[in-house]
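Student: As a plain string of letters, each chain reads:
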Amino acid sequence: MTASQRVVICEGYHDRAFWKGWLKRRGCTPRDTDPWGQRVKGGQHGWHTPSGAFVRVLPARGDLRQVLRFVRLYLRNAPTEPVPLMIISTDADARPLAERRVDVLRNIKALVQPLALGEISADSGDLILGETRMVPLIWPCTLVEPAPGIPDCATLEQLVCGVLTRREETRGRQIRDFLKTAGEGAGWQRPADVGKSHAWAWMAHRQPVDECERFFEAPWEDDDLAADLEDAMGDDAARVIELLLA
Amino acid sequence: MATNETHKPAGPRTLVTGVGITRLRGIRQGTLDGLAPLTILVGQNGSGKSTVLDALLIAAGTSGPKDLRRVIERRRHLSIPTPWLTWRAGVDGASFVHVLSGGPTRYVEIAVENSQLTNKVGVTASFSWSEDDIGAAYDEIRYEYDCAFDRHGPFSRGSGDAPPPLDRIRTTRLIEPAMGSDLHILLSEATRQGGRRTIERLLASVIDDLLSVQMLVNDVGKPEVHLEFDWGSVPVAVAGDGLHALTRLAFMIAAPSDALLLIEEPEVHMHPRALQAAARAMVGSVKAGNQIITSTHSLDLIDHVLDAAAADEVLDDVAVFRTLIVDGELRSSRFPGEEARFARQQIEEDLR
Numbered sequence: 001m002t003a004s005q006r007v008v009i010c011e012g013y014h015d016r017a018f019w020k021g022w023l024k025r026r027g028c029t030p031r032d033t034d035p036w037g038q039r040v041k042g043g044q045h046g047w048h049t050p051s052g053a054f055v056r057v058l059p060a061r062g063d064l065r066q067v068l069r070f071v072r073l074y075l076r077n078a079p080t081e082p083v084p085l086m087i088i089s090t091d092a093d094a095r096p097l098a099e100r101r102v103d104v105l106r107n108i109k110a111l112v113q114p115l116a117l118g119e120i121s122a123d124s125g126d127l128i129l130g131e132t133r134m135v136p137l138i139w140p141c142t143l144v145e146p147a148p149g150i151p152d153c154a155t156l157e158q159l160v161c162g163v164l165t166r167r168e169e170t171r172g173r174q175i176r177d178f179l180k181t182a183g184e185g186a187g188w189q190r191p192a193d194v195g196k197s198h199a200w201a202w203m204a205h206r207q208p209v210d211e212c213e214r215f216f217e218a219p220w221e222d223d224d225l226a227a228d229l230e231d232a233m234g235d236d237a238a239r240v241i242e243l244l245l246a
Numbered sequence: 001m002a003t004n005e006t007h008k009p010a011g012p013r014t015l016v017t018g019v020g021i022t023r024l025r026g027i028r029q030g031t032l033d034g035l036a037p038l039t040i041l042v043g044q045n046g047s048g049k050s051t052v053l054d055a056l057l058i059a060a061g062t063s064g065p066k067d068l069r070r071v072i073e074r075r076r077h078l079s080i081p082t083p084w085l086t087w088r089a090g091v092d093g094a095s096f097v098h099v100l101s102g103g104p105t106r107y108v109e110i111a112v113e114n115s116q117l118t119n120k121v122g123v124t125a126s127f128s129w130s131e132d133d134i135g136a137a138y139d140e141i142r143y144e145y146d147c148a149f150d151r152h153g154p155f156s157r158g159s160g161d162a163p164p165p166l167d168r169i170r171t172t173r174l175i176e177p178a179m180g181s182d183l184h185i186l187l188s189e190a191t192r193q194g195g196r197r198t199i200e201r202l203l204a205s206v207i208d209d210l211l212s213v214q215m216l217v218n219d220v221g222k223p224e225v226h227l228e229f230d231w232g233s234v235p236v237a238v239a240g241d242g243l244h245a246l247t248r249l250a251f252m253i254a255a256p257s258d259a260l261l262l263i264e265e266p267e268v269h270m271h272p273r274a275l276q277a278a279a280r281a282m283v284g285s286v287k288a289g290n291q292i293i294t295s296t297h298s299l300d301l302i303d304h305v306l307d308a309a310a311a312d313e314v315l316d317d318v319a320v321f322r323t324l325i326v327d328g329e330l331r332s333s334r335f336p337g338e339e340a341r342f343a344r345q346q347i348e349e350d351l352r
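Protein chains in written order, with the numbering used here: chain A, 1 to 246; chain B, 1 to 352.
Rather than coming from a laboratory, the hints here were simulated on the basis of the structure.
Any given hint could turn out to be false.
Unchecked claim - No more than 20 Å apart at the CA atoms, straight line, and that leaves these computed lysine to any residue pairs for SDA-like: (1) Lys120/B x Ala94/B; (2) Lys41/A x His297/B; (3) Lys41/A x Asp300/B.
Said to hold, decoys possible - To list a few chain B residues with every Cβ distance to chain A over 12 Å, as calculated: (4) Arg170; (5) Asp209; (6) Pro223.
As the list claims (entries may be wrong) - Now the in silico label distances, taken between C-beta atoms and shown as ranges: (7) Arg69/A x Val217/B: 53 to 63 Å; (8) Gly122/B x Leu243/A: 47 to 57 Å; (9) Leu299/B x His205/A: 42 to 52 Å; (10) Val326/B x Arg39/A: 22 to 32 Å; (11) Arg69/A x Gly328/B: 26 to 36 Å; (12) Met215/B x Pro30/A: 53 to 63 Å; (13) Glu338/B x Arg39/A: 18 to 28 Å; (14) Asp312/B x Arg61/A: 24 to 34 Å; (15) Ala116/A x Gly328/B: 20 to 30 Å; (16) Val326/B x Arg69/A: 20 to 30 Å; (17) Val238/B x Arg61/A: 48 to 58 Å.
Note that beta-carbon positions come from the ideal geometry of N, C-alpha and C, so glycine has one too.
Starting from the given sequences, assemble the full structure and let the hints guide the process.
Tutor: Below is the structure:
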């Protein structure tokens with residue numbers, strides 16, 4: 001059987017940590033080497049799924065543009081190191097979810113066509129190139145009810161903070177109030193009311209002595225929060241995790 | 001120092017843009033397209049890198065019978081290497097190779113005949129400019145191996161016209177770290193072609209206090225290449241395997257321009273510092289108008305080539321091909337220089 005890998009290309013280390021928690025929860029175990037015997041390095045994580053597949057999680061350390069550079073790299077590499085499944089994991093940011101998904105797909109098409117790697121086709125809303133199925137996963141805004149403590153922008157921070165706020169509404173309200181109304185004084189400036197500030201405020205509450213990556217990983221270790229996360233992420237995410245684990 | 005540096009740099013160029021292979025050695029079928037002025041072939045052992053170099057030497061070679069013999073004999077671990085030039089020793093038929101260049105495509109058919117009557121194995125390479133016309137080849141090269149007496153040859157050329165050189169290629173060389181012509185012959189050629197100063201500069205970058213490279217005559221009257229210092233000189237042959245390999249490489253890639261240089265694992269025996277010098281020399285040779293296609297297992301060499309090409313703003317002239325053979329099919333992944341460098345710097349991608 002020819003060796004292959006499933007690749008998750010995400011934006012940064014926090015996304016990687018979130019994926020780490022998710023994959024561990026679904027029974028995946030860490031792997032130091034890929035199917036070709038090469039060490040998994042360069043900030044990547046390797047995982048072995050219960051079904052025996054190898055999953056590489058790669059933080060692109062940048063926004064969608066940087067993510068797409070790695071998409072191109074792994075598509076180029078696919079003839080010798082096949083990638084039957086590639087997940088492009090990114091934030092919706094200020095865009096509506098559906099619009100962002102279309103945007104990602106359009107960008108991938110534009111990226112692939114000049115490479116002359118083959119014909120690209122669509123299937124179930126995914127893109128297929130050769131043996132590779134490319135599936136965008138946008139950290140979504142399915143938390144329909146605005147709640148205190150949830151950042152406005154549709155990002156990973158919004159997803160995690162939103163789920164935490166459902167369980168600890170009081171803390172969520174405190175964070176919202178703090179970020180909107182805290183006074184400023186000598187040597188002290190109120191943090192900007194953005195997603196990361198919400199996440200740090202939650203982190204100070206839940207993981208005060210851990211590194212911030214633990215903040216994005218740890219919710220998956222709590223049964224209730226994990227269920228809330230999967231619920232909040234919706235059908236797209238459910239499909240993606242099943243594809244990865246199949 | 002010699003000052004015979006008359007060559008005017010010609011700039012990077014791609015003499016050969018692609019190669020197609022059918023039933024040659026371990027490759028049943030496959031092509032490499034988009035070869036760059038400086039192409040790096042990487043891949044595991046048995047992934048077809050050396051066979052690609054063989055194919056290029058046969059089809060884009062400029063020395064006819066010598067090239068064919070080199071391809072057959074360089075697999076020295078085989079006592080009778082001839083039949084294994086073809087896929088599965090020829091049971092499925094003859095081998096075919098074609099090379100693409102800026103001009104017409106050259107086609108070669110390689111047939112092996114095993115005569116039990118004469119106990120000889122013969123190889124015939126037939127050249128043509130048309131895929132449909134190989135039977136009416138314009139030239140043939142024949143090689144024989146006498147199994148009974150372990151004797152090679154004779155070589156012969158067909159009665160047709162000599163194969164014209166492939167578009168613009170002045171010379172094609174296969175460079176292996178420990179094989180090929182004597183150093184003094186290579187130095188003479190390089191000097192004649194105006195590359196001596198380049199060689200000395202390259203060697204001086206890795207050998208402290210080197211003054212020059214000289215051809216001297218030893219006690220028994222044979223020419224010997226020496227490294228000269230202010231305290232005296234030493235033969236290159238005793239200067240260590242790494243320096244010997246670097247010297248040989250420097251001599252052979254010092255061609256002025258329009259040379260197709262096929263290099264097999266130049267990193268053998270070399271210290272990383274010498275590899276850096278070798279990489280700079282390779283980029284310099286490409287800038288001078290030669291094309292280099294090299295195989296390697298060295299990440300250091302890949303990084304040094306990419307860095308040197310980036311520094312000289314010729315990263316667009318580099319491509320890394322990762323090769324793989326699956327059921328005899330040659331597969332490849334092509335990374336343009338900029339993307340190969342991105343992969344190395346961003347995620348330490350092990351391009352080998």
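Student: Check the following: the C-beta atoms of Leu299/B and His205/A are separated by a distance inside 42 to 52 Å.
Tutor: holds, 45 Å
Student: With 47 to 57 Å as the target window, see if Gly122/B and Leu243/A comply at their CB atoms.
Tutor: holds, 56 Å
Student: Given a hint of 26 to 36 Å, does the C-beta separation of Arg69/A and Gly328/B actually sit inside it?
Tutor: holds, 34 Å
Student: The output says Asp209/B does not contact chain A. Does that hold with a beta carbon cutoff of 12 Å?
Tutor: holds, 39 Å
Student: Would you say the C-beta atoms of Asp312/B and Arg61/A sit inside 24 to 34 Å of each other?
Tutor: holds, 28 Å
Student: What's the verdict on Lys41/A and His297/B, does the C-alpha distance respect the 20 Å limit or exceed it?
Tutor: Answer holds: Lys41/A to His297/B is near 19 Å, not above 20 Å.
Student: Taking 48 to 58 Å as the stated bounds, is the beta-carbon spacing between Val238/B and Arg61/A within them?
Tutor: Cβ of Val238/B to Cβ of Arg61/A: about 50 Å, so the range 48 to 58 Å holds.
Student: Val326/B and Arg39/A, beta-carbon distance inside 22 to 32 Å?
Tutor: This hint holds: roughly 23 Å between Cβ atoms.
Student: Starting from the hint 20 to 30 Å, judge whether the C-beta atoms of Val326/B and Arg69/A obey it.
Tutor: holds, 27 Å
Student: Honestly, do Glu338/B and Arg39/A meet the 18 to 28 Å range at C-beta?
Tutor: Once the Cβ atoms are compared, 24 Å apart, the range 18 to 28 Å for Arg39/A and Glu338/B holds.
Student: Over 12 Å from every CB of chain A: does Arg170/B meet that, or does the non-interface label fail?
Tutor: holds, 31 Å
Student: Straight-line Cα separation of Lys41/A and Asp300/B no greater than 20 Å?
Tutor: Holds. Lys41/A to Asp300/B sits at ~17 Å (cutoff 20 Å).
Checked against the numbered hints listed earlier, the structure breaks none of them; every hint is satisfied.
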